[in-house]
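**Q** Once you've looked at the hints, dock chain B against the given chain A.
2 protein chains.
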Amino acid sequence: MDSFLIAFQAQVLYDFTAEPGNNELTVREGETVTITNQSIGGGWIEAQNSKGQVGLVPEDYIEVRFSDSDTADVLQHTQYFISNNYNNNISSLCVLQASNGNDPWSVWNADSSGGFNNNWASNPEGTPADPWGSLDEWDDEWDDMKSTGGYAESESGESGAIQRGGTSMKISLNKFPGFSKSGPELYLLCKQLPKEKEKLTIYMGEVGPVWSYPDTQLDCVVADPKKGSKMYGLKSYIEYQITASTTNRPVNHRYKHFDWLYERLLDKFGSAIPIPSLPDKQVTGRFEEEFIKMRMERLQGWMTRMCRHPIISSSEVFQLFLTYKDEKDWKTGKRKAEKDETVGVMIFSTIEPEAPDLDPLDVEKKCEQFSRFTKAMDDSVKEILTVGQEHWKRCTGPLPKEYQRIGKAFQNMSTVFTSSGYQGESTLTDALTAAGKTYEEIAQLVAEQPKKDLHFLMETNNEYKGLLGCFPDTIAVHKAAIEKVKEGDKLVGTNKITAQEKGTMAKRLSTMSYALQAEMNHFHNNRIYDYNRVMQLYLEEQVTFYETIAAKLRQAHSQFTTM
Amino acid sequence: MDSFLIAFQAQVLYDFTAEPGNNELTVREGETVTITNQSIGGGWIEAQNSKGQVGLVPEDYIEVRFSDSDTADVLQHTQYFISNNYNNNISSLCVLQASNGNDPWSVWNADSSGGFNNNWASNPEGTPADPWGSLDEWDDEWDDMKSTGGYAESESGESGAIQRGGTSMKISLNKFPGFSKSGPELYLLCKQLPKEKEKLTIYMGEVGPVWSYPDTQLDCVVADPKKGSKMYGLKSYIEYQITASTTNRPVNHRYKHFDWLYERLLDKFGSAIPIPSLPDKQVTGRFEEEFIKMRMERLQGWMTRMCRHPIISSSEVFQLFLTYKDEKDWKTGKRKAEKDETVGVMIFSTIEPEAPDLDPLDVEKKCEQFSRFTKAMDDSVKEILTVGQEHWKRCTGPLPKEYQRIGKAFQNMSTVFTSSGYQGESTLTDALTAAGKTYEEIAQLVAEQPKKDLHFLMETNNEYKGLLGCFPDTIAVHKAAIEKVKEGDKLVGTNKITAQEKGTMAKRLSTMSYALQAEMNHFHNNRIYDYNRVMQLYLEEQVTFYETIAAKLRQAHSQFTTM
Chain A
1 MDSFLIAFQA QVLYDFTAEP GNNELTVREG ETVTITNQSI GGGWIEAQNS
51 KGQVGLVPED YIEVRFSDSD TADVLQHTQY FISNNYNNNI SSLCVLQASN
101 GNDPWSVWNA DSSGGFNNNW ASNPEGTPAD PWGSLDEWDD EWDDMKSTGG
151 YAESESGESG AIQRGGTSMK ISLNKFPGFS KSGPELYLLC KQLPKEKEKL
201 TIYMGEVGPV WSYPDTQLDC VVADPKKGSK MYGLKSYIEY QITASTTNRP
251 VNHRYKHFDW LYERLLDKFG SAIPIPSLPD KQVTGRFEEE FIKMRMERLQ
301 GWMTRMCRHP IISSSEVFQL FLTYKDEKDW KTGKRKAEKD ETVGVMIFST
351 IEPEAPDLDP LDVEKKCEQF SRFTKAMDDS VKEILTVGQE HWKRCTGPLP
401 KEYQRIGKAF QNMSTVFTSS GYQGESTLTD ALTAAGKTYE EIAQLVAEQP
451 KKDLHFLMET NNEYKGLLGC FPDTIAVHKA AIEKVKEGDK LVGTNKITAQ
501 EKGTMAKRLS TMSYALQAEM NHFHNNRIYD YNRVMQLYLE EQVTFYETIA
551 AKLRQAHSQF TTM
Chain B
1001 MDSFLIAFQA QVLYDFTAEP GNNELTVREG ETVTITNQSI GGGWIEAQNS
1051 KGQVGLVPED YIEVRFSDSD TADVLQHTQY FISNNYNNNI SSLCVLQASN
1101 GNDPWSVWNA DSSGGFNNNW ASNPEGTPAD PWGSLDEWDD EWDDMKSTGG
1151 YAESESGESG AIQRGGTSMK ISLNKFPGFS KSGPELYLLC KQLPKEKEKL
1201 TIYMGEVGPV WSYPDTQLDC VVADPKKGSK MYGLKSYIEY QITASTTNRP
1251 VNHRYKHFDW LYERLLDKFG SAIPIPSLPD KQVTGRFEEE FIKMRMERLQ
1301 GWMTRMCRHP IISSSEVFQL FLTYKDEKDW KTGKRKAEKD ETVGVMIFST
1351 IEPEAPDLDP LDVEKKCEQF SRFTKAMDDS VKEILTVGQE HWKRCTGPLP
1401 KEYQRIGKAF QNMSTVFTSS GYQGESTLTD ALTAAGKTYE EIAQLVAEQP
1451 KKDLHFLMET NNEYKGLLGC FPDTIAVHKA AIEKVKEGDK LVGTNKITAQ
1501 EKGTMAKRLS TMSYALQAEM NHFHNNRIYD YNRVMQLYLE EQVTFYETIA
1551 AKLRQAHSQF TTM
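Residue numbers (this note's numbering), protein chains in the order written: chain A, 1 to 563; chain B, 1001 to 1563.
Please note that the accuracy of each hint is not assured.
Partner residues aside, some chain B positions facing chain A, computed with beta carbon under 7 Å [what the hints assert, rightly or not]:
| hint | residue |
| --- | --- |
| 1 | Ala1376 |
| 2 | Met1377 |
| 3 | Ser1380 |
| 4 | Leu1385 |
| 5 | Val1387 |
| 6 | Gln1423 |
| 7 | His1524 |
| 8 | Glu1547 |
| 9 | Ile1549 |
| 10 | Phe1560 |
| 11 | Thr1561 |
| 12 | Thr1562 |
The list that follows gives simulated cross-link-like pairs (lysine-lysine, DSBU-like), each with its CA atoms no further than 30 Å apart [claimed, not checked]:
| hint | chain 1 | residue 1 | chain 2 | residue 2 |
| --- | --- | --- | --- | --- |
| 13 | B | Lys1375 | A | Lys401 |
| 14 | B | Lys1452 | A | Lys401 |
| 15 | A | Lys452 | B | Lys1197 |
| 16 | A | Lys451 | A | Lys382 |
| 17 | A | Lys486 | A | Lys191 |
| 18 | B | Lys1382 | A | Lys408 |
| 19 | A | Lys382 | B | Lys1408 |
| 20 | B | Lys1401 | A | Lys451 |
| 21 | B | Lys1452 | A | Lys408 |
| 22 | B | Lys1452 | A | Lys437 |
| 23 | A | Lys437 | B | Lys1451 |
| 24 | A | Lys375 | B | Lys1437 |
| 25 | A | Lys401 | B | Lys1382 |
| 26 | A | Lys408 | B | Lys1401 |
| 27 | A | Lys452 | B | Lys1199 |
| 28 | A | Lys366 | B | Lys1408 |
| 29 | B | Lys1437 | A | Lys401 |
| 30 | B | Lys1452 | B | Lys1401 |
| 31 | B | Lys1336 | B | Lys1226 |
| 32 | A | Lys382 | B | Lys1401 |
| 33 | B | Lys1382 | A | Lys437 |
| 34 | B | Lys1375 | A | Lys408 |
| 35 | B | Lys1451 | A | Lys408 |
| 36 | B | Lys1408 | A | Lys401 |
| 37 | A | Lys195 | A | Lys502 |
| 38 | B | Lys1375 | A | Lys437 |
| 39 | B | Lys1408 | A | Lys451 |
| 40 | B | Lys1401 | A | Lys401 |
Keep in mind the hints are simulated off the structure, nothing from the lab. All C-beta atoms in this analysis are idealised placements derived from N, C-alpha and C, irrespective of residue type, glycine included.
So that you can see chain A by itself, here it is in the shape it has in the complex (with noise of 0.2 Å):
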């Protein structure tokens, strides 16, 4: 990426004051800059201003012009930039954070998607069984689109959107500055732990330190989108019915609102619990009909994902998410929960492990031990989908049309037998006929089997792919905090601290811990679920498309006869 240098004229979204001595640039709305340096990682961008100082600014704060002409030649360049400096920017912060860091998964930086946003099932030829489109296919258009500069409210939804049809693109792409300005030492080294209501307490179960898990398991069902409008119908959205088992009344949402939800869930619980990103923007349908649904199925998907877990599905703004009452209920709470302190490492300070201490030493070998397992798992789920997306295009594009042609080869040869003159002739020519008919639905199995088991394999393991992917930040949390508490006797040495903090220091690093392993403990306990469910379903599939052609094989068969 270091060969794509443009120097890009931005304009600056909302005021932002500098702290001092933290580098930072102060700029106003309206105002606008050059961006100097994107590769700053960590949410910031180096700009420079018309006085010609420069500093860091947040990314969330400035936004990209383009003249109408220079919009599409630059749009794809930008594109790959920004797919592959959102991982630079995530892996340089954990980087610096952690002392002895070293690129945690230097692969994934590699990999161009982050989340869900791998378009693993992309079809070159387009193939119509292909429900997902290509690249550069947004669907901004017509859902949730935004005038230029318009952000009445501080939403930071549909962050990192492109408006194809507009002029304007919005750098946006560090989605937890809280976590991003603290590392592990804001909470090792706080003085005053915050008094905070709900505590959040780890119990040893039988595998090990497990969550508080609730009684009943939440659940809700995303379902009945309906297209909705605003500005007198210049601009559509969709909207999703979410209901919860909870309460079995529905609220409705738009995608942005799951992003804002999912923005909410990274700042207060990313440190410790991985948040998979939401089913991406570039996850598109040739249709509009099949993007809905793809884009609800994979929202659904999330949602189930987040009602599994304990933490996150009894937090506050999970909660009003999911059963919010009216608009006022809905905007009370949301603003409420922009203002939550409790974010970034913080949240340790909410943990409350009912266990012994843990020596930092267990605990760099329990965090090395994840590292490796998830590292592995990753690599694994991607083997998965390489191989999937392979036959994915085989079983929609060559195989059927084989099958396709051997069909048509039987049912030629039985026009010629038919035109012999032959007396005795049809009973072949019929099954032969039939038996062309066969190889042609065989063709059309072949070429649906895979929307209706392969998709589902896929599905689970890009899903795991988003969830993996939030290991190496969570896990760097923790390896910084470890080195922190290894630095301790030095810092005690030099006064740093006291000998009294170096001690609470391991106290929380053994917090840490625990939250880890529960959160471990609760990722394995859902992976052996979905694993065992997803090549279930899998092979259950299968076996029935195996059984059908033989059935139908075995019927073309019954045709022939050599009396």
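**A** Only chain B this time, still in chain A's reference frame:
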């Protein structure tokens, strides 16, 4: 082929005395001539002797020589030339004879493979699953090798063979000189038909004119290929055991004996009955065993087809081949068969239809119908061969590789999950391993399936391709006869023939037509049986294939659990 005009030096193998007025050239054994025109057709080649005299010489009588160093370069071209020229010869022959002759089925001329010598299952990557080698593999190195020019006997076997190890190549491509030298006039205008002991009767059956079928159908088994050697072990060959159902006593024959039989049958019956080529020499296996197995299978197929034919199976030469008592019996029979004068169109003189004479217009109509049908079936057969070949490649190439990768991906995931350190993992990991192994087994099944079903579908169609390739010649003889009879009035008017001879011609044309109809009905009857049978076999194996996979997957499915 016009661009391929290398002037070959050729050695004369046998004395040949020119017939006056025929543009022929008298040559003597051992003489060297220069080939000046290879595209004469009809088994003739234009050559120039050392005195500068130019004339036609039978292709059979000369042998082209290369120096060792030239051989490799020229061989490939020559091979192509030969296979093309063979068809050209036959076609041009027919065109010459049929006075209104248009190029019968020009597509066949473009196709270099006449009979069995299409390498339909050749796989450029040469996977072990491919039982057919590449085009330039010849078996002569170890089977039926001949020394340069060393034709001690007048055996015409091994025609068209190119000796790879040696420096000699014999152009001997006109398989039926008797046929080539006599148009249908020889029979139509013959003053006095020879008195034949044996008559071939044609009856009117339910389907129209039919040959006289024996009560019991002859059958034979080709088995037990054994390596023999001659010239003190310097040259080796394979001897097959052929056992006729009538004698149940095995006789031994080498491939060259089959070839001799083929030549005799072609000489004698070729004008009335399509005699399919022997399995081609070019069909070789990668390994000796594979090759022998394949050749034996095809020789069996050829013999079975001959046994099924009422005229061929009861002919003296075929009975000799199957039931000769000892070497002396064989040699005597051979000599007698080679002296048989009822060859070419004269075979019609032995045919006695027990039905009223046909009107020449009806004869023409029938002939046209057969021509259309066999052409259409030829196209259809070729379509199946093309589609089948592609399917074969996919089933033995990319498809099993893909299933293998799916299997490996599941097993890799199982390995990763095993490393989780989480309790209660083993049920899932065992199930994943089993599922992975199942897909590896499926890969194996897929790769091996074509040998079990597609193979026979291909072989049958390949056989029919060879058989259909003989029809243009047979039909061309009839068309030439029809044209001759049409000229009847003009010939009477110019006193070329008498009115009585004209009547005889029409009557003999009727006999020819009955023979063609009987042969077509024989063909249809066999075709219906063969295609019913091969489709039954194919579909039966396909059903088993899909059911086996379904059962394996069902077993794999049962190991997953979501209790």
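**Q** Look at each hint and say if it fits the structure.
**A** Hint-by-hint comparison with the structure:
{"no.": "1", "hint": "Ala1376", "in the structure": "holds, 5 Å"}
{"no.": "2", "hint": "Met1377", "in the structure": "holds, 5 Å"}
{"no.": "3", "hint": "Ser1380", "in the structure": "holds, 5 Å"}
{"no.": "4", "hint": "Leu1385", "in the structure": "violated, 9 Å"}
{"no.": "5", "hint": "Val1387", "in the structure": "holds, 5 Å"}
{"no.": "6", "hint": "Gln1423", "in the structure": "holds, 5 Å"}
{"no.": "7", "hint": "His1524", "in the structure": "holds, 4 Å"}
{"no.": "8", "hint": "Glu1547", "in the structure": "holds, 5 Å"}
{"no.": "9", "hint": "Ile1549", "in the structure": "holds, 5 Å"}
{"no.": "10", "hint": "Phe1560", "in the structure": "holds, 5 Å"}
{"no.": "11", "hint": "Thr1561", "in the structure": "holds, 6 Å"}
{"no.": "12", "hint": "Thr1562", "in the structure": "holds, 5 Å"}
{"no.": "13", "hint": "B:Lys1375 - A:Lys401", "in the structure": "holds, 26 Å"}
{"no.": "14", "hint": "B:Lys1452 - A:Lys401", "in the structure": "holds, 22 Å"}
{"no.": "15", "hint": "A:Lys452 - B:Lys1197", "in the structure": "violated, 72 Å"}
{"no.": "16", "hint": "A:Lys451 - A:Lys382", "in the structure": "holds, 19 Å"}
{"no.": "17", "hint": "A:Lys486 - A:Lys191", "in the structure": "holds, 19 Å"}
{"no.": "18", "hint": "B:Lys1382 - A:Lys408", "in the structure": "holds, 13 Å"}
{"no.": "19", "hint": "A:Lys382 - B:Lys1408", "in the structure": "holds, 13 Å"}
{"no.": "20", "hint": "B:Lys1401 - A:Lys451", "in the structure": "holds, 22 Å"}
{"no.": "21", "hint": "B:Lys1452 - A:Lys408", "in the structure": "holds, 22 Å"}
{"no.": "22", "hint": "B:Lys1452 - A:Lys437", "in the structure": "holds, 22 Å"}
{"no.": "23", "hint": "A:Lys437 - B:Lys1451", "in the structure": "holds, 24 Å"}
{"no.": "24", "hint": "A:Lys375 - B:Lys1437", "in the structure": "holds, 24 Å"}
{"no.": "25", "hint": "A:Lys401 - B:Lys1382", "in the structure": "holds, 18 Å"}
{"no.": "26", "hint": "A:Lys408 - B:Lys1401", "in the structure": "holds, 27 Å"}
{"no.": "27", "hint": "A:Lys452 - B:Lys1199", "in the structure": "violated, 67 Å"}
{"no.": "28", "hint": "A:Lys366 - B:Lys1408", "in the structure": "holds, 29 Å"}
{"no.": "29", "hint": "B:Lys1437 - A:Lys401", "in the structure": "holds, 28 Å"}
{"no.": "30", "hint": "B:Lys1452 - B:Lys1401", "in the structure": "holds, 19 Å"}
{"no.": "31", "hint": "B:Lys1336 - B:Lys1226", "in the structure": "holds, 28 Å"}
{"no.": "32", "hint": "A:Lys382 - B:Lys1401", "in the structure": "holds, 18 Å"}
{"no.": "33", "hint": "B:Lys1382 - A:Lys437", "in the structure": "holds, 20 Å"}
{"no.": "34", "hint": "B:Lys1375 - A:Lys408", "in the structure": "holds, 18 Å"}
{"no.": "35", "hint": "B:Lys1451 - A:Lys408", "in the structure": "holds, 22 Å"}
{"no.": "36", "hint": "B:Lys1408 - A:Lys401", "in the structure": "holds, 27 Å"}
{"no.": "37", "hint": "A:Lys195 - A:Lys502", "in the structure": "holds, 21 Å"}
{"no.": "38", "hint": "B:Lys1375 - A:Lys437", "in the structure": "holds, 24 Å"}
{"no.": "39", "hint": "B:Lys1408 - A:Lys451", "in the structure": "holds, 22 Å"}
{"no.": "40", "hint": "B:Lys1401 - A:Lys401", "in the structure": "holds, 19 Å"}
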